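Protein chains: 2
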Amino acid sequence: MSSGSQYLTGDPSAIAEFIEKFDTFLFDCDGVLWSGSQSFEGTAETLEMLRNKGKRLVFVSNNSTKSREEYKKKFDSMNINCNVEEIFGSSYSAAIYISRKLRLSPPKNKVYVLGVAGIETELDSESIPHVGGTDESLRREMTGDDYEKIASGEMLDPDVGIVLTGLDFHVNYLKISLGMAYLRRGAMFLATNIDTTLPSNKTLFPGAGATSAPLIAASGKEPLALGKPSQAMMDAIEGKFKLDRKRTCMVGDRLNTDIQFGIEGGLGGTLLVLTGVSTKEDFLGGGKEVVPMAYVDKLADLASK
Amino acid sequence: MSSGSQYLTGDPSAIAEFIEKFDTFLFDCDGVLWSGSQSFEGTAETLEMLRNKGKRLVFVSNNSTKSREEYKKKFDSMNINCNVEEIFGSSYSAAIYISRKLRLSPPKNKVYVLGVAGIETELDSESIPHVGGTDESLRREMTGDDYEKIASGEMLDPDVGIVLTGLDFHVNYLKISLGMAYLRRGAMFLATNIDTTLPSNKTLFPGAGATSAPLIAASGKEPLALGKPSQAMMDAIEGKFKLDRKRTCMVGDRLNTDIQFGIEGGLGGTLLVLTGVSTKEDFLGGGKEVVPMAYVDKLADLASK
Chain E
194 MSSGSQYLTG DPSAIAEFIE KFDTFLFDCD GVLWSGSQSF EGTAETLEML
244 RNKGKRLVFV SNNSTKSREE YKKKFDSMNI NCNVEEIFGS SYSAAIYISR
294 KLRLSPPKNK VYVLGVAGIE TELDSESIPH VGGTDESLRR EMTGDDYEKI
344 ASGEMLDPDV GIVLTGLDFH VNYLKISLGM AYLRRGAMFL ATNIDTTLPS
394 NKTLFPGAGA TSAPLIAASG KEPLALGKPS QAMMDAIEGK FKLDRKRTCM
444 VGDRLNTDIQ FGIEGGLGGT LLVLTGVSTK EDFLGGGKEV VPMAYVDKLA
494 DLASK
Chain W
194 MSSGSQYLTG DPSAIAEFIE KFDTFLFDCD GVLWSGSQSF EGTAETLEML
244 RNKGKRLVFV SNNSTKSREE YKKKFDSMNI NCNVEEIFGS SYSAAIYISR
294 KLRLSPPKNK VYVLGVAGIE TELDSESIPH VGGTDESLRR EMTGDDYEKI
344 ASGEMLDPDV GIVLTGLDFH VNYLKISLGM AYLRRGAMFL ATNIDTTLPS
394 NKTLFPGAGA TSAPLIAASG KEPLALGKPS QAMMDAIEGK FKLDRKRTCM
444 VGDRLNTDIQ FGIEGGLGGT LLVLTGVSTK EDFLGGGKEV VPMAYVDKLA
494 DLASK
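Chains as they are written, first to last, in the working numbering: chain E, 194 to 498; chain W, 194 to 498.
Bear in mind the hints are in silico, worked out from the structure with no lab data behind them.
Errors might be hidden in some of the hints.
You can't tell identical chains apart in this list, so a pair holds if it fits in one copy or across any two.
Using 20 Å as the maximum straight-line C-alpha spacing, the simulated EDC-like pairs for lysine to aspartate or glutamate come out as follows [as the list claims (entries may be wrong)]:
#1 K265 x E319
#2 K395 x D339
#3 K214 x E241
Keep in mind that this is a model prediction, so the values were computed, not measured.
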């Protein structure tokens, strides 16, 4: 075990001993429970096994495209048992941060959203006003008139004090230009998360860190990210679930978000699954920055007899 | 002159002496001759004054959206005298680089373009095959079918060996996903230019470096840029115009592209105009990395009596 990471697959006694150490398991979703719309075999059974052992499960996702309610539907569609209150997404994390930490005085707390409906739903849940986002009137080409009205400020909402970016499947030049103008005017820059890739269909597609990249480049500013591995998200999770960090294990597929998130948060354990982004080569062999406490080929290996 | 940069505005004898040093003037366009679609006052007259003194003019632009022919029309619309052969854009520079330096064997020299018509026209002028770009069938939302066909490779052109990005006013998630897939498959990554901002309507909008940023973030790769300050562009200009670098002056509005381009290229002089991106504070006061030989408030100051 020169790598410092324990390989659990196919070792039932090591698995039992590992599970015994924790009361709470925090799960990343994409790349761990499923890839895109395809559930991994044995996901539901493995989670059920953990519930039967009295473990508390929390689903921590950097995916900003879905609200908690929408996320619940995704679990339902794959017949994976889950409660809305067990879900903690980066859009919810951002909404909590804006409403409870920033506390900007209305109406100057309005948010310009570069992202999809999941962000808007969570902002609504915290009664935070917003523009942009899914606004259909912005899904079009930029016109000469737009250049003028953005330059003059006529097209900008005077109350916007925050620009919040997440994964935007409908990113376009007009929406980037508006976000850039708000940032140049002094708006605070937040991101639900900055994962550059999105695992889907057994490969990778552009993530929130990619669709937000034009704004970062054009403004020369870096957003404060509210998703993993930001400890602002860990603090919010701890506040909501009152967990004992030493008896908590983070399970994920990415070293630089999930595993780092668990290590920096001082959790008792971290478990990497090899069904997503990171590979064994990324952490085995010594000299690597982020090493999980243990790893398995796939989540279902935890339930194998 | 503690800054090392000579201020020429309002000093006719210094101006005359400066102009006398050079046979050729390389001009950046956006932010120097005009901003967006508005010509600066006195641009045409100043260029005419230089022509009357026997100077050769070359218009060197990182703007990748226009071919040389289209660029000529922009000059015409503003009544600025100019010849197509005097124009050297970053799309032309990229096409030259691909056809004359890379020399990939057909059909594997096909280019996936993330950009607009100017790039395609210049690739055509060098007989380089291309896909993407202005293809109307890609100006739409991404579908579930697209995810599958990109993941399986079915939607990818087997001959694409190069991804070339420029300023794309029609950037979208589908086009980014395709570019990312080609890069993951091993395509070479080129950019016409990586300016993060585009001066227009007296303010700044997202530039090529912004609309290319999603691909850079998602792929984790940096493109080779063929626009200023890349010396690949200077070499191409020198090859075409047979200029004497010591008798050549670069005129521009950006320190980190135009002025750096001239300094790294060993030109006899560099002249900054303050009608674009860079400000006096960016180079005055000592300790600054890139300092122009001289500067004027605006180009027309060269022609003032």
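How the hints compare with the structure:
Taking the shortest alpha-carbon separations for K265 and E319, only the intra-copy value of 19 Å comes in at or below 20 Å, while the best inter-copy value is 54 Å. Taking CA atoms no more than 20 Å apart as the test, K395 paired with D339 passes between copies only; the shortest distance there is 14 Å, against 39 Å inside one copy. In the homo-oligomer, the alpha carbons of K214 and E241 lie at most 20 Å apart inside one protomer (18 Å), although the nearest pairing across protomers, at 81 Å, exceeds that limit.
Hint compliance for this structure: every hint is met.
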